[in-house]
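Kindly generate the complete structure, drawing on both the sequences and the hints.
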Amino acid sequence: MFRRILIANRGEIALRIIRTCREMGVEPVAVYSDVDRKSLHVRMAHSAVALGGSTPRESYLDAAKVIAAAKASGAEAIHPGYGFLSERAYFARAVVEAGLVWIGPPADAIETMGDKIIARRTMQAAGVPVVPGLVDPIEDVERAVADAERIGFPIMLKASAGGGGKGIRIVRNAKDLPGAFRTASGEAQAAFGDGRMYIERYLDEPRHIEVQLLFDKHGNGVHYGERECSIQRRHQKLIEEAPSVVIDDALRVRIGEIAVRAGAAVGYQNAGTVEFLYSKGEVFFLEMNTRLQVEHPVTEMVYGVDLVREQLRVAAGEKLGYTQAEVLARKRGWSMEVRINAEDPFNGFVPSTGVIGNLRAPGGPWVRLDAALYRGMEVSLNYDPMLAKLIVWGPDRTAAIERMKRALAELNVGGVRTSAPAALTVLEDERFVRGDFDTHFLNTVDLAAPRGGEDDLVAASAAIYRHLLARRRALVTGASTRAAWSARSRARHSAYPPHVPATSTPSAEKGLPR
Amino acid sequence: MKYFVTVNGRAREVDLVERLGRIEVSVDGRKLDLSYEEVDNLGQVALIEGGRSWGVSIEGDEHTVTCSIAGRLYAVEIEDERERAAHAAEREASKGGGVVKSIMPGVVVKLLVKEGDVVEKGQALLVLEAMKMQNEIGAPGPGVVKALHVKEKEAVSSGAKLVTLAAPPA
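Here the protein sequences come in this chain order: R and D.
Under the numbering used here, the residue at position 464 of the first sequence is numbered 464, and the numbers go up by one with no gaps.
Under the numbering used here, the residue at position 149 of the second sequence is numbered 149, and the numbers go up by one with no gaps.
Check before you lean on any hint, since a few could be wrong.
Examples of chain R residues toward chain D, derived with CB under 8 Å [unchecked claim]:
| hint | residue |
| --- | --- |
| 1 | I118 |
| 2 | V350 |
| 3 | L457 |
In the SDA-like style, the derived pairs of lysine to any residue whose C-alpha atoms are separated by at most 25 Å in a straight line are [to be verified]:
| hint | chain 1 | residue 1 | chain 2 | residue 2 |
| --- | --- | --- | --- | --- |
| 4 | R | K405 | R | L442 |
| 5 | D | K153 | R | Y82 |
| 6 | D | K2 | R | V141 |
What the simulated footprint calls covered on chain D by chain R, stretch by stretch (three residues with Cβ under 8 Å from a Cβ of chain R suffice, anywhere in the stretch; the number is not a length) [what the hints assert, rightly or not]:
| hint | region |
| --- | --- |
| 7 | 11-23 |
| 8 | 44-54 |
| 9 | 62-76 |
| 10 | 143-152 |
Everything labelled a hint here was simulated from the structure, so no lab data went into it.
Built from N, CA and C at the ideal position, the CB exists for glycine as well.
Here it is in C-alpha cells:
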C-alpha cells in the first residue's frame with residue numbers, strides 16, 4: 001500500500017478521501033488555492049501544498065502545478081476526486097510519466113469514454129444498447145434543424161465535450177431549436193473550448209439509472225448494483241438513492257453484466273460508473289463516468305463498502321479478492337442522498353453566495369454528512385455550488401425517506417440559501433414516496449412555492465430578532481461615524497455582520513489597514 | 001412597537017412590547033405565549049410557544065430575514081410604520097415600468113435588446129453567465145427599454161441594475 005498520496009481536489013470530496021487515507025494509515029497530502037488556505041480539507045490533511053491562484057484554472061486545474069506538488073511532497077500516487085482534472089486523459093498520462101501512480105482508470109479508457117461519439121461506437125461494437133441519435137456532432141444551426149426533424153422531437157442537445165449538465169438543452173419543437181442551440185453551444189464554447197453539439201432522441205418517462213463498477217489491474221471486474229438519479233433539475237442531480245424501485249434482482253444482474261461488459265471493452269481499471277437511460281423496461285447506454293461519482297456514498301451504505309479504500313487497493317496493484325456473487329450477497333436495505341447546494345430554490349435556483357455564519361449539522365443513527373463546511377466559510381462563485389451531501393440508510397425505502405426528512409429538519413446552513421428545502425418538498429411528494437417518477441419529475445413540482453405552516457411563529461420571531469438586533473446595534477457607539485477600518489473589523493467579527501458584500505474577497509481587502 | 005412582517009408573501013401585523021426585560025408579542029391581534037432565547041449569538045434560537053418547542057435559526061438584517069424551522073425556509077420582510085409608508089410611496093412612483101436587477105453575481109455575455117426596443121413580458125433582455133451556466137434574463141412585464149446599465153463582458157454583482165424599462169406604449 002502507498003505510504004503517502006496527494007489529493008488533487010478540494011471541498012467535501014478531498015475530505016472524503018482524506019478520511020479513508022487516515023483509516024488506512026496512508027498520509028494524505030492536500031493542495032490548495034489562495035482562497036482555500038483555511039479550508040477543512042487542508043486542516044485535516046497530513047501535509048498541504050499551496051498551488052497559488054484563486055480561480056480553478058490557476059490552481060486545481062493546473063496539471064503541472066499539481067504534479068510538481070506531488071513530487072515535492074513525496075507522494076507516491078494522485079487521487080483526482082471528481083471534477084477538475086479527474087477525467088482529463090492528458091493529466092492521467094502526465095501523472096504516470098512523472099513516475100507516480102494514478103488512482104483512476106487508464107488514460108486510454110478516459111479518452112474513449114470522454115468522447116461521446118467514440119464511446120458510442122465502441123459500446124455498439126461491444127453489444128451495449130445505445131440511444132438513437134446522430135453519430136457526429138455538428139456546429140451550425142441549419143444542420144441542427146434538419147437533423148432534429150429527421151430524428152424526431154423531443155430532442156436533446158449535448159455538448160460534444162460536455163459534462164456536469166453544462167451545454168445541455170432539451171428542445172420540444174423546431175421553433176425553439178435555434179435559440180437553444182446558440183446558448184448551449186456558447187456555453188460549451190466558454191466551458192470547454194468546443195462548441196460542437198451532439199443531437200439525440202429524448203426518451204419518454206426516462207429514469208437515470210447508473211451502475212457502479214470496480215476493476216482491478218488483473219482483469220477482474222465487478223459491479224456494485226445500481227443507483228437511481230432521476231430526481232434532477234437541468235441535469236443536476238438533487239436526490240439519489242440505491243437501489244432503484246424499478247430494478248429487480250433479475251434486471252440488476254442483467255444491467256450489471258452490460259455495465260461490466262462496457263468497462264471491459266475499454267480495458268477499464270479502478271472505480272467507474274456506467275450511466276443508463278431506463279425507459280419502460282429497456283435500458284440504453286448513456287455514458288461512462290471514468291471517476292468516483294458524487295453520489296457514491298449511497299452504494300457504500302447499501303453494500304457496506306468503502307469505495308475509496310477499494311480504489312486505493314486496486315491502484316496499488318491488489319486483486320479485488322471477491323466475486324460478483326459475494327458483492328450482491330452484501331446488499332442490504334436502502335440509502336438516499338440529498339445534495340445541499342448553495343442556490344436559492346425560491347428564486348429559480350440562482351447561485352447563492354455569502355459567509356456560512358450559522359451551522360447546525362444533523363446526526364443520529366445511520367446519518368452521514370459528507371461536507372467540508374465550517375463556520376466562517378466564504379461561499380463564492382469560484383467553485384462548484386455543492387456545499388454538502390446528506391446521506392442516510394434505512395432497512396427499507398420508507399424508513400430511509402423518513403430518516404432523511406428527520407435529518408433535513410435538523411440541518412441548518414445559514415448565511416446562504418440552499419437547495420435543502422426543495423429536497424424536503426420532494427421527499428413529501430406522494431409520487432416520490434410511491435417511487436413513481438422519471439427525470440422530468442422536478443419540472444412537475446413547484447419547488448418555489450412556500451411551504452410554511454408556522455408563519456405566525458416566524459412573524460413573531462422575526463420581529464423579536466429585529467428588535468434585539470436594533471438594540472445590539474445601538475450599543476455600538478457612533479457606528480456610522482467611525483473610521484472605515486473599525487466598521488470593517490466589526491463586519492468581520494460581530495455575530496451579525498452588517499452587509500458583508502457577497503463579492504468581497506480576502507485579496508480585495510488586503511490593501512486596507514486593519 | 002408595531003411591525004409589518006411579510007412571511008412567504010403574506011403580511012402580518014406584529015405588536016411587540018418590552019416590559020421589564022420581558023418581550024410580549026402578538027400577531028394580528030393574537031397574543032402568543034412565547035419564550036425566545038438566543039443560543040449562540042449566531043442565529044440559533046431556542047423557541048418555546050405554548051409548551052411546544054422549536055429549534056429555530058434566524059439570520060438577516062433589519063429588513064430581510066431568513067428563518068428556518070424544521071428544514072423549512074421562511075423568507076421574511078420586516079417594515080416598521082415609517083418604512084412601510086416610504087416603501088408604498090416608492091412603489092407608486094415607479095408604476096408601469098421599473099428596473100431589472102441582477103438576482104445573482106455574474107458576467108453579461110450578450111445584450112439582446114437596445115434602447116427604444118419594445119419588449120413583451122418574458123422576452124429575453126440579456127444573457128448572464130454565473131457558475132458557468134448561461135441564463136437568459138427576461139422582462140418582468142411588457143415595456144420599452146429606457147436604459148441599458150451594463151455592457152457585454154461586464155461583471156455585475158447581485159442586485160446590480162441591468163435594464164430600465166418604461167411603461168409600454170398605449
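Evaluation of the provided hints:
Using the Cβ-Cβ criterion of 8 Å, the hint placing I118(R) at the interface with chain D is not satisfied: the shortest such distance is roughly 25 Å. Hint status for V350(R): holds, given a least beta-carbon distance of 4 Å to chain D, under 8 Å. Restraint check, L457(R) versus chain D: the minimum CB separation of about 6 Å is within 8 Å; hint holds. This hinted pair checks out: K405(R) and L442(R) have alpha carbons roughly 18 Å apart, not beyond 25 Å.
For the hint pairing K153(D) with Y82(R), the CA-to-CA distance comes to about 30 Å; that exceeds 25 Å, so the pair is violated. A hinted pair counts as satisfied when its Cα atoms are at most 25 Å apart, and K2(D) with V141(R) does not qualify at roughly 59 Å. Counting residues of the region 11-23 of chain D whose beta carbon lies closer than 8 Å to any beta carbon of chain R gives 5, which reaches the threshold of three, so the coverage claim holds. Coverage of the region 44-54 of chain D by chain R holds. Counting CB-CB distances below 8 Å, 5 residues qualify, and the rule asks for three or more.
With a cut-off of 8 Å between beta carbons, the region 62-76 of chain D has 13 residues touching chain R; three or more are needed, and the interface restraint holds. Counting residues of the region 143-152 of chain D whose beta-carbon sits less than 8 Å from any beta-carbon of chain R gives 0, not enough to reach three: the coverage restraint is violated.
Of the numbered hints listed earlier, those contradicted by the structure are 1, 5, 6 and 10.
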